[in-house]
Every structure is written in structure tokens, then in C-alpha cells.
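Once you've looked at the hints, go ahead and assemble the two chains, each given alone in its own frame, into the complex.
Taken in order, these protein sequences are the chains called S and L. With the numbering used here, the residue at position 385 of the first sequence is 385, and numbering never jumps. With the numbering used here, the residue at position 82 of the second sequence is 82, and numbering never jumps.
No wet-lab data here; the hints were simulated from the structure. One or more hints might be untrue.
[Said to hold, decoys possible] Computed list of lysine-lysine pairs in BS3-like fashion (alpha-carbon distance at most 30 Å, straight line):
1. L:Lys47 with S:Lys466
2. L:Lys134 with S:Lys99
3. L:Lys236 with S:Lys298
4. S:Lys355 with L:Lys47
5. S:Lys466 with S:Lys447
6. S:Lys466 with L:Lys52
7. S:Lys466 with L:Lys145
8. L:Lys195 with L:Lys47
9. L:Lys282 with L:Lys335
10. S:Lys425 with L:Lys239
11. L:Lys239 with S:Lys427
12. L:Lys52 with S:Lys99
13. S:Lys447 with S:Lys386
14. S:Lys167 with L:Lys276
15. L:Lys239 with S:Lys298
16. L:Lys276 with L:Lys339
17. S:Lys466 with L:Lys236
18. L:Lys282 with S:Lys167
19. L:Lys339 with S:Lys167
20. L:Lys195 with S:Lys355
21. S:Lys355 with S:Lys336
22. S:Lys298 with L:Lys195
23. L:Lys239 with S:Lys447
24. L:Lys52 with S:Lys126
25. L:Lys52 with L:Lys134
26. S:Lys355 with L:Lys52
27. S:Lys447 with L:Lys236
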Amino acid sequence: MSISEGFSMGNQESGRDLAGFFEHRFGATPDVLDSVMNLAAGSHIDFADLYFEHTVSETMSLEEGIVKKAGSHISQGVGARIISGEKTGFALTEEIDPKMLHLTMATAREIALHGGNGTVRTPVGKMGRTHALYPVTKEGLVLATDVRRGLLAEADRTARAYDHRVKQVMVSLATEVKTILTVREDGQLSTDLRPLYRFNITVIAQSETNRQTGSYGFGGRVPFSDIPDLERIRQGAREAARQAIVNLDARDCPSGTMAVVLGPGWPGILLHEAVGHGLEGDFNRKGTSAFSGRIGEKVASSLCTVIDDGTIPVRRGSLNVDDEGTPTSRTVLIEKGILRGYLQDRHNAHLMGMKVTGNGRRESYAHVPMPRMTNTSMLGGDSDPKEILGSLDRGIYAVNFGGGQVDITSGKFVFSTSEAYYVEKGKILYPVRGATLIGSGPEVLTKVSMVGSDMSLDSGVGTCGKDGQSVPVGVGLPTIMVEELTVGGTA
Amino acid sequence: MSEDAVEKIAQGEDILAFVLSEARRLGATDADALYVTSDDYSISVRKGDVEKVNRSMSRGMGIRVFRGESQAIVSTSDLNRDSLSELVREAVRLAGETAPDPHSGLPDPEDLELQRPLPDLFLEDDGRDAPSSKLRVELALSCEKAALSYDRRIASSEGAEFQSSRMTRQMGNTRGFLGGISRTNYALSVTSIAKEGDSMERDYWYDQRPFFRDLESPESIGTESSRRAILRLNPKRPKTGNARILFDPENARSLVGHLLSAMSGHSLYRDATYLKGREGSKVASANLTLTEDPFLPGGFGSRPFDGEGVRVTRREILSRGILNGFLFDSYSARKTGHKTTGNAVRSLGDSPVVGTSNVIVTPGGADRAELLKQMGDGILVTELIGFGVNTVTGDYSRGAFGYEVRGGEIMGPLSEFTIAGTLDSLFSGIIGIGSDVSMRSSIVCPSILVEGLRVSGI
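Next up, chain L with everything else stripped away, as it sits in the complex (with noise of 0.2 Å):
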């Protein structure tokens, strides 16, 4: 940890105790209090001169205040100490104005992560290894030059951009939590504009890691982004027709997405998943384990307790196919008659909602060229577009760019097309899990192979 953190840190925790302190004394009987700091540098590069500097250091603190069993949250990035007051009583209240509600609160205390030390989750580097301004200039130039000069047809880039984040995270209740987290993140990624007669397509490729020197190189990242700007040049549109699907690793997270977020006992308590009553059965083919693992060192949502400071452990939460239950936080579970499971997830604005903290999808043998022989004829998907998933429903439509496959070869490049089906279709459907794992997101996730979907095109 930097010597920069440790008097953050400092700080994080007078600010807790100042606002926590006051919302006692002007009447609330809980709280809890988040106070979030992160400062951010980016340097974009394009045409190869630089063109854009951000630094932004940035904090902020929201804190839910609770009268009996009312509840009410403020949030402010004015930090003077006659504003914190003004604005605690404020909470205390709107607290009064809200109606009871007999499962809000804390979490029950015997839920809280009360152990310390926290243990190490490898998120934050100690600054010694960040690089200078002018080395985060030559890794963004370096990264456009390797995407400019990968072919002839590469007409232009919307730039390369070198991002770095430090951000630091702390929470305290009224029942002696007290705790934080601090992560680091460099990023560097690039956009490419493939040009060929009319024909004009975009692609990008980036990397992010929480330590400097894990991450790729920038004439890998350049030219990747190239690679797959050229291959969509003139693409055909596909017929209307069923389809089975391979959905390469960044696209396939979304969809382990869509089935976390209908598992959120939020949405359980309001019947607003198509998952209802589905526990201990069967919502996904046998090809699909999902783990929950808090602890994933180095991981893009790692964290040693919840959003309400509750205690996380790793667990299966989908084996083979079978849901083992909800995601809960103290409300939802409260509600339903269930205990937390430590997905509760809070920003500052809100009281806590549900979320997961790193899910892993168990990989399969194949690797993408024994994914694409499994295939046969399809299409692989590499971008997908457009909100049209509803958990609710569980109707799911989404615009799509990829490339079609006869008899496991790609040809050629897809576009302006839609799939779509249930996510009831959509998950049982899965016949093959990839090797090629991306650990690029906090949804670790191989490429996966649907059959089943509808495909509209011409």
C-alpha cells in the first residue's frame, strides 16, 4: 500500500466516524457509511501525438440512516464538516418520511466480517510500480503505431488511451464494522477503422490488470485491434434461420451476466425473474458450473465482505445446471425468508442492491478451433448490441456482429442480424464450453456454444 493510501485511508475513517457519530446524535438508531476516493490518469494518444490529458481526483460519502425501521440515504462530494452535519440531519429527516418496513437494517451482527487482519487480495500495487507520464505516452503511441502500420486497409484509430485508477473504498456501521478495500487498475486499449471501398468497420482491443506490469504488450493490443477491424471489412448478412451460436469469451460474460442479474433476490422478492420457484432445478444445461469466488486474487470484483460488510465466501452457485439458490443481501433475504449470501453491492447514492463479486464459469475441454468443428455450421459471435434482454420475461434479442462458420472453417464476416430466443432457450441450449478462458472482467468466462437461437437477417 502506498504511503498516498495510508493517509486516505485516514481519512476515509474520520470521515466514517464524524458522519456515523452524528447521525447517532441527531436521532438515527443505525447507519451505515461509505466513503469512496479515486483518483484517475489518462493520456490518449492519436495520429500519433498526444490528445488527451484527465486527472481527475475524485471522493465522495453517502450514508444510509436508519429511525426504527425507516430508512434513508444521502450522498455528497462536499466533504466540509457543516455540510456532512447539515446533510446527516437531512437524512435523519427524510428517515422520518419513509414508511417502516420490517425487514430493512443492518445486517444481523453474527453476519458481519468482524475478523481482522482482512486478508490480501492482491488488488492494489504500492504506487513504486506505476509508470511515468512519459512512459504511459510511448506505451499509448507505441500501441496506435503497431494498430496504424498492421495493414494498408487500416484507414485511421479513434486513438489509443492509457487509463490508470487508484481507488479506495471504506465502510463503517453502527455496529462496530469497520473496514476497506484499495485497488489499482491499468488500462490500455486502442480502436481501429479498417477502410475498403464503402465499406468502413471499427474494432477495438485492450487489456486491464490491477498491477503495471501484468499487462500486455502494446504492439500485441494494436494489433489485435487491427486484426479484427480488417476481418469485418465487407461483411454479408445472414439468412433468417435457426442457428447454433459460438459466442466468443467477451461476449459469452454477457450472458452469464443476464442469468446472474435473474438470480438476484431482489428481483425474486418483486416475482420479477422468469427464474421463480426455480430452485434446486434445472435452468441451464449440464455443460454450465458457475463458482462465486470473493477471494480470486487479483480479481476485477475480489472484495473481503459485502456491500453491508457482510462475510463472502467462494461457493457453487449454479452446478450442472442446477440453481443452488438466490443471491441474497440482508433485505432480500430477510424478505424471502432466507439468509445473506453476501451479495449485497452499495454505492453511494443507494442502499445496497444485489451483486456478484467474482464468477467464475467452470472451462471446458475444447479450444476455439475444437468449439467450431463441434459447431459445424453457425455463426461466432464477437460483438453483441442493444438492451433487448428482460429478465423478467425472459425474453432475449439482441443485435450481433460475427462471422459464419461452414463445417467448423470461418468464412466470412456477419452483419446488421439479430438472435434471439428465451433465456430459458438460450441456457439449456449450451453444447459447448470453451478452454479459452478471458480473465478480463470480474466474469471469468471461456467461450460458450448455443444451439437453438433464432437468427434474423435477410
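Looking at chain S on its own, in the form it has when it is part of the complex (with noise of 0.2 Å):
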């Protein structure tokens, strides 16, 4: 997967089309659009937006070998904000009609009463730059129901075809298509048509008493009559289910502080929580990041780039352009351990002085933006991954994980390991059964002292939750070598 730094300028033509979309649905004509953002108007007001969203999402989900479910689900709404200094006004609708439209901006109004500096307001028009990151028509953009079904089918005869001990498969495949435009206080209007879809496989294997599983998940922003690709399907199934079996032979996990080696790919979830949260932009503002006021400081061994790249094509965690209508970027979070940015929305660049990164984002019209990631991975290094695995002494090789969490003020982060070995001498043990890691985020780095060739990155199965908005996001690592991590076994 290459990485694309360059902006296009195209899609125009599309970016009119998909506001014509809400015209047409919504009546938000220009000059309705014009009129509701002249309500957000004053000396008063830094920023203000209006974000209409539509979206459909259809599921699918497969147990027992039979397709039970299957759903279709429809969100639409139009959320305002207006920004004063640093006070936030935020109301939403979800009739939406030009009356609905300017009682809603007129409610997030009434809370910028004083501060700010003020914006003079430019007539609503200019489309604003974006990437072409993912497919934008929409007949590329739908998969019949019975292709989706024999999908699941395929992953089920899969994985239970692997071994006689997989006794239970559940398979989802879930699509969804998110229109949106947002209008600004500037006259920008902006548009995106994104697609994004995630096949997910779950398996319970069984040997006597002792149960495991094992998942398997990818996606991303593709054309959906992509996903049909058996052979990936088939892939992902095998997967979930050679961890399950794994698994079955998991004795219990040494407790205590100890060397890690970690896998390529989805471990980068390690980045997520240890140093990405902490480098957004709203905790070092307000300075309650353990990262707060150290840019310029060294955080990592000098090993580490750590990198948040929204514009990697057909991603997960990519965007054309964030939810404020700013071209999403590649930002440089910390260079061969150096702290070097943060991830911004334009709220808290304006505050801080400094640029914004396009990672405002929202879960919804129904939520307010924030600085959030997109990709986060680690530059690959020099060493051989094999070479790493073979100098880990005594400790664990984690290779998939669960979820993980941070206390952004402390530092300190856990994530849980899904498959995991025992290692001594460079050799492999046995596997482990399921214990939380835990660190803290700016000494962690500090302590990688390989880092591997083998960056890539996970398959697109993240999400990433914060204030209760949940965001789709990517991660990415090589192989690496963390000298003391505390893993928390029951051995």
C-alpha cells in the first residue's frame, strides 16, 4: 500500500453532485444554506459549521450455519456549531427543513455571547480541496443480498473445514455508505461519499471443557463489489480459526516485568494508546497530556518515527477530508524520537497557534468534533523480524490483541493480547492464555530497541472510542522489540 501525500483537486463536479444530494432531499438550496449561516454571523463568532449527514448501513450475520439477520439502517440529521473563543454551542435536528435548519443554528447561537475574535462571513459557495482516497459513485456501492449470504456461507464452511474442534462460527459482514456535507463559516462547502465496509470472523473451538476463540476481522473503503474476493474470505476465516485451536493449547501467562516482542500489523494498537490520544490536540490545550508542552522532546528511542496518515487510499481510517471539511494529512508525531506535532481540529489549532492536521472528527451530526487519529503506525526499521524474536531472552511474543485503553493525564495504557507465546532463548514455548500489557505512553518508546522491516499495517477491523464518540481508525507497526513492558499474567 503506498503512501500519497499529494492533494487532487479533482472531483468538483462529484463535490456538486453530493451537495445537490442534500438540496434535493432537504431543500438546503444555496441560498438557504446562506441564509442559516448568516444566523452564525458576528464579531463574536470564531468558527461555525453546518454538517448534514446521510447514511445507510446494511448487516448481515451468520451462526450456527444459517443466515438469522439481516438489517438495514438509516441515520440522518444536520448538526450546527458554533465556535467563540473557547466556548462550543452545538444543537442538532434530524427533521430537516429550512425552518428546522435555522431554529438549530439560532440554538448552538445562544451560547456565543462574548469572546472571540470574529469572522466576517463569506457567501456559501467555494467547494473546498479534498483526496480521492476511496470510489465515489454510488452504483459501485452496492452488493445484492445473495452475494452477501453466500459470502458468509464461504467463511463458515471455512473455518469449520479447518479442524473438528471449531464448534462454533459467526460471521458479519456489514456495508455503509456516509454522505456528507458540511458548510463554514468561510462560504467552503465540502463533500465526501464514503464507503466502508468490515467482514468479521468469530470461532469458539472446543477440546473436553477447555474453550477459546479466535477473530478475524478486515475492511476498509473499497468499491463494494470488491468484497466478494473468496480467496480473502477464505483467508480470514482460516485465520480466526488457527488462533481458536492455538489458543486451546494456552497454558497460563508469566506475570511481572519483562521484554515483549511484538508483531506486525494490528499491535500497532501499542501507538493508538500509547502515545496517539495523548498527542491530540484538545488534552495538550488544555494541558492535562502527559505529553503537554514537551514537543521538541525526546519520547522514543531514536528508532521510532511514529507517523498519523489520513490519506492512505481505501483505508479504514482514511479520509478525503476530515468532518470539519479539511483535507486530511500525513503528520509527523514523532520523528526518530523526537515529539514533533499534534493532531488538530480547527478549534484547537486556532487556540494553540498552530496548524490544523485534518483530524477533525465526529461520529455522527449528532456529535461534536474533535482531534482524532486516522492511521497511526511506526515507520519500519532495519532489522530482521526473525533476528528480533531470536534476541527476546525470556518474555512474550504477542502477535493479536483485543482492545486497549489509556489515562491520558498518567500516561499509563493497557492492551490485551488474543494470541500470545511464551519465549526463552529466541525460541518459541508455548502459547499463552489471554493477559492485559500495561505501560506508561512516554517511556514506552524509550525502551524499543529493534525495530523491524516488516511494517504493515492491521486489516482494518479499529475503532476508536473517546468521550463516547466512536471513530473508524487504522493502525500499523513492524516487528518490534519493547526491553520491559509489565505483562499481566497469572504465572
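See below:
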């Protein structure tokens, strides 16, 4: 997968088409938008926006060998926001017509009584810059129900055929098409048509009374006609079954502080928890992050360069524009161990006197944007992954994880293994039961002593939660050696 | 009930009647539908000034349709009648695409809660009591002020927030069930940041109640938040080894949650719970007794019927460590040859899953000081983080924060450690239950003292 830094100025026409979708559906003509945005004009207002959203999601799930459930869900509404200094007013409506748009913006405005430097309103009309990271035609975003059913069945058959100890297979496919329009106080209109799919397989294997789980998922922002890739689906199903079977032999995980080798890909949630959240602009503006005020300081070993990149084509965490109409970008967070930058939305960038980075994201029209990650990863290094594992004297080799969490202020973070092995003198001895690893965000990367050449992004399954809002994200990591991490086992 | 709520309920009944009759007209054999509205208003302050005001009125409809033994679920926030019709048509089409499942379907008619009027569970105010915008701001400001002025080491706050919500939830099905509940909630919270030298720690405190008049004072919430944050400064790491752990009520509650999730009938039919086959036997220490009470006045989980419209009852689900049975909705009950226990939980976009209303842990006789004395040496845990709990395998491993306890006395703060064990060893290792019940959640729980868990630190 290549990393693209260039902007494309294209899609002006399709951008207009998408704006036309909201005009046709909700009467959001340029005149109406202009008059609503006029309510957001004034000497006290720094930023204002309207966020139109129309999302259709389709889900299907299989268990016990049959497709038991199918669903279709529509979510639509408009969020109105006004920012004055450090103050934010927000309101939403799901009844979308010109009268309700005015009322909603007027409600959001009530807060903006004083403060702020003010802006001059520009008439609505200019289309914002955007990338072209995923397909833009609505026609490419249809996948017939019987095709979906066939894919779920294929995953079920493959997982069951993997081993006779596979007892339960649960498969789901979810697709989503989100159409958005943002209208800003500076007159800029931005639109985006965001496809997203996720295919998931969970396996329960049983041997006598020993039950274990294995899980694998993949997805991204691709044309839905690309989803029926049978080889990909079979590989995913075998991977889920393999994990469950491996775990049948798991023994108690050791406890205490020890060296840990993390495998490539999804173990990148280490970066997401240990440094990513702590580098989001809002916490740093308020001085509540363990990384506050530390730009230019050494926070990682010189082997570590960590980036957040929202511009990688078709990735789950990528966006053509963020939810404030800013094109996403590639932001260097840590360069050879030195802290370089924060992730910003418009509000926090403005208050901190920094550049916007295209990280202003929101779960939906019903939520207020915040600085959020996109795809967060560490650049590959020089070490051969085999040598990294070979040099582990005594510790854990962790290749798959469930979720993680961080306390931004103290910097303490956790992530929990779902496939890990006990290693002595470079040799894998046995799989270990699920354990939580705990460390300190500002310290853990200083203990990275080897970085592999096998950087890979995860398969497209991450969902990040912050302040009650969920957004899709990606992570990536090469194989790395962390000299010290606390392993929460029972032995 | 406020006039506004009365109007919303009438609207909801119209919408439910409309989509249910459309489902029938378009070919569904059965259907059940849910209509939910919420009116949320939150004001947050930081550094003595208003920072964020959020006003959200939201509503949505979800319908599950059956064609014989096949089902599909659709939901929407677009309540235009034509759009609703179109969506119900799509649901009926989708239901033709899923496989027949002989255990699916609406609850058996004799299980439905058809008694009217439904009991008043004291979940909603009449709106006359609700605080003005000005008062909300004042409460949040006083709360933050109390937090900031508590100690010179309180460097800042992440702000104080006053939130209120008013929600209605109505359900109907094609077999004559129609019912609804309304709920109000008022919450005040603050997060304090304590700083000393290189050590920076945060903690928070909150209260939430269905009635505004019952809310704790802003001063006591602010003071408690900062007291907790200060105590956390300059933590050490514990030594790796086995230790007694005292979970405070806010965290003990999560343990009960894990046990309840392992008791789900859905996990049972999937062979996805470590409790499978252990009905009627001991799954926890005799110190633990759990009662589900759907009728608890003002309870956060109170409900006069479940997520399928099924009758609910107050009952002991775990008696002195003995598992009385699993928790079922109609589907998992039919799958496993049981009767529904009224534990269906329904959300707009999904068919029912299993969950509980209010679960009450029978308190013990010991207050916090007595429990600490009983523990002797160990760790008092006041925060847990991470997702390292697997109710299929029964493995438990989470990040924690707390305090070292020696000879029953609280010593300094501890951080960056994990506690681990199996859920079995955890529940059978319960050696004490406190009398210090926290009422802030649908799981009504005091402190819980456990022995035999593994602490991983230095």
C-alpha cells in the first residue's frame, strides 16, 4: 500500500453532485444555506459550521451455519456548531427543512454571547479541496443480498473445515455509505461520499471443557464490488480458526515486567494508546496530557518514527476531508524519537496557534468534532523480524490483541493479548492465555531497542472510542522489541 | 409526566401503529417495533467560564419483521411516512432473504405483560422541577470551584458538566402489546488534575439521579474529585505476586457485570460461556447473592416489561454462590428448552440480546474500615482499565490503579499494574462484601474483597 501525500483538486463535479443530493432531499439550496449561515455571523464568532449527514448501513450475520439476521439502517440529521473563543454551542435536528435548520443554528448560537475574535462571513459557494482516496460513485456501492449471503456461508464452511474442534462460527458483514456536506463560516462547502465495509469471523473451538476463541476481521473503504474476494474470505476464516485452535494449548501467562516482542500490524494499537491519544490537540491545549508542552523533547528511542496518515487510499481510517471540511494529511508525531507534532481540529489549532492537520472528526451529526487519529503507524526499521524474535531471551511474543485503553493524564495505558507466546532464548515455547499488558506512554517507546523491516497496517478493523464517540481508525507497526513492559499474567 | 412527554407518547403510538400495520400490509406475518426519543441538554464549564452547550433532541424507530420463521431488522431517524413505508418494505424483502429459524419469533402470548396500568417506578419527573439554564451553569461553576480550591496541587480541571436527559421508549407488536416508559436523568460531574513535581494525575467524581432534587451538592462532588486526584500523586508500582484485593463499589460493580454477561442465554446456546453446564451449582463464594429487581423505585435499570414486552419479576439469580439459572429472552429460551426470564434488551437496530434490569448485590455487615482490617495487607483498587475479560474462556486480566494497604491502613498510591486470575477463582475468592452500597448504576453494589488474584508490577 502506498502512502500518498499529494492533494487532488479533482471531484469538483462530484462534490457539487453530493451537495445537490442534500439540496434535493432536504431543500438545502445555496440560498437557504447562506441564510442559515448568516445566523452564524457576528463579531463574536470564530468558527461555525453545519454538518449534513445521510448514512445507510446494511448488516447481515450468520451463526450455526445459517444467516439468521439481516438489517438496513438509515441515519440522517444535521448538526450546527458555533465557536466563540473557547466556547462551543451545538444543536442538532433530524427534521431537515429550512425552518428547522434556522432554528438549530439559532440554538447553537445562544452560547456565543461574548468572547472570540470574530470573522467576516463569506457567501456559501466555494468547494473545498479534497482527496480522492476511495470510490465516489453510488452505483459501485451496491452489493446484492444473495452475494452477501454466499460470502458468509463460504467463511462458515472454511472455518469449520479447518479443524474438527471448531464448534461455533459467527460471521458478519457490515457495509455503510455515509454522505456528508459541511458548510463553514468562510463559505466553504465540502462533501464526501464514504464507503466502509467490515467482514468479521469469530470462532469458538472446544476440546473437552476447554473453550477458546479466535477472531479475525478485515475491511476498508473500497467499492463494494471488491468485497466478494473468496480467497480473502477463506484466508480470514482460516486465520480465525487457527487462533482458536492455537489457544486450546495455551498455558498460564507469566506475570511481571519483562521484554516483549510485538508482531507487525494490529499490535500497532500500542501506538494508538501509548502516544496517539496523548498527542491529540484538545488534551494538549488544556495541558492535561502526559505529553503536554513536550514538543522537541525525546519521548522515544531514535529508532521510532510515528506518523498519523489519513491519506492512505482505501484504508478504514482514511478520509478525503475530515468532518470539518479540512483535507486529511500525513502528520509526523514522533521523528527519530523526538516529539514533533499534535493532531488538530480547527478549534484547537486556532487556540494553540498551530496548523490544522485534518484530524477534526465526529461520530455523526449528533456529535461535536474533536481531534482524532486516522491511521497511526510506526515506520519500518532495519532489523530482520526473525532476528528480533531470536534475540528475546525470556519474555512474550504477542501477535494479536483485543482492545486497549489509556489514561491521558498519567500516560498509563493497557492493551490485551488474544494470541501470544512464551519465549525463552529466542525459541517459542508455548501459547499463553489472554493477558493485559500495561505501560507508561511517555516511557514505553524509549525502551524500543529493535525495529523490524516488516511494517504493515492492520487489516481494517479498528474503532476508536473517545468521550463516548466511536470513529473508524487504522494502526500499523513493524515487529519491534520492547525491553520492558508489564505482563499481567497469572503465573 | 410532563405535557411534552404526553405529546411525544401520542406521536410514538401513531408511528408504532403505522409501521406495524404497514408491515402486515406488506407481507410480514409478525413484527415488533420500538420508538425512542431523547432530549439531552448539557452545559460544561472550565476555568470558571462556560465552555460547551449541547442541546440535542433526537428520535428513531426500529422494527423487526418476521416472515414465518425468518426475520430482518431495520431502523431509521427519518420519520417521514413515505420513508417509513419504503423502509418497512425493505425489511419485509430482507426477511425473505434470511434462513428460517424455528426458534425465532415474537414472545409466546402468555409471556407478554398486558396488565395496565403499568406500575409507576418513579423514573421521571414532571418537568416542573427541572433547573433553569442559569442554575445549571451555576451548579457546574460551583462544582468546578470546589474542585479547584480544594488544594494548591489541583493544577486545573478538565471541566465540570451538568447534563440532563429526558427519554421515552415505546414498544409495540402485532400481538397486541403496546407499552412505554419515560425516564429523566440529571448528572453533575467534574474531573480534577493534580500536579506535583513531575507527577500529574487525574480523577473525577459524579452523581446522577432521576430527580434533580436528589442530586448531591456541587461542593461535595467537586471536593471528592480533587480529594481523589491528590491522593493519586506520586504513585509507586507494587511487587509482582498474589495479593488480596478490595474493589471499591464503583469497580466491584464491573465484576458483577462480567458474571451477568457469562449468564446470558445467548452465550449458553453458543457454548460461549465458561458457566455452561453449571446451573444449580456453585459459581461464586457463599458471600455473594444477587437479586434482579426490575421494579426498584428510581432504579437506573428499572422497567415494567423487558425488551420484547415480556413480564418481568423480582428474583434471586445467584443465591449464596449457587447459580439459579441463566438469563433468557424468548429466542435463547426456546433454543435451550427454557422459559424466558424477561431478560430481553432491545436496541433500535438489532434484535433482542440478553441483559438485566437492576441487579442488587446483598450487602455485608462490614463498612470500609472493617473490610480493610479484614484484608490486612493488600491493594484497594479504585480504577480498572482495559478490556482483558473473556467470559468464554473465563480469563480475567485488567490494568488497575489503587492504594497499598498494610495492617488495614491505607498507605500510598499504586499505579501501572495489572490484576489477573480466572473469573472462577475471582468469584470463589470473594471473602468479604461491604455495607457501603453505591446507588449510581443499575448494578447496586458495595465494596468486594477478593483473595488469590495475581498482581503484576515490578
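Discussion item. What's the verdict on Lys298 of chain S and Lys195 of chain L, does the C-alpha distance respect the 30 Å limit or exceed it?
Written reply: Status holds; Cα separation ~22 Å.
Worksheet item: Are the Cα positions of Lys47 of chain L and Lys466 of chain S separated by 30 Å at most?
Response: Holds, because 22 Å separates the two Cα atoms, which is no more than 30 Å.
Worksheet item: Is Lys52 of chain L close enough to Lys134 of chain L, meaning Cα to Cα at most 30 Å?
Response: Cα-Cα ~14 Å, so holds.
Fill in: 30 Å Cα cutoff - pair Lys195 of chain L, Lys47 of chain L
holds, 16 Å
Fill in: Agreement of Lys239 of chain L and Lys427 of chain S with the hint, judged by alpha carbon distance not exceeding 30 Å
Status holds; Cα separation ~28 Å.
Worksheet item: Is it true that the CA of Lys466 of chain S sits at most 30 Å from the CA of Lys52 of chain L?
Response: holds, 17 Å
Worksheet item: Keeping to a limit of 30 Å between CA atoms, is the pair of Lys447 of chain S and Lys236 of chain L held or broken?
Response: holds, 19 Å
Worksheet item: Under the criterion that the straight-line Cα-Cα distance not exceed 30 Å, is the pair Lys195 of chain L, Lys355 of chain S satisfied?
Response: Roughly 29 Å separates the two Cα atoms, so the pair holds.
Discussion item. Tell me if the straight-line CA distance from Lys239 of chain L to Lys447 of chain S falls inside 30 Å.
Written reply: holds, 21 Å
Worksheet item: Hey, Lys134 of chain L versus Lys99 of chain S, does the alpha-carbon distance stay inside 30 Å?
Response: holds, 27 Å
Worksheet item: Given the proposed pairing of Lys52 of chain L with Lys126 of chain S, does the C-alpha separation stay at or below 30 Å?
Response: holds, 29 Å
Practice prompt. Given the hint that Lys355 of chain S pairs with Lys336 of chain S, test it: the Cα-Cα distance must not exceed 30 Å.
Written response: holds, 22 Å
In terms of the numbered hints stated before, the structure departs from none.
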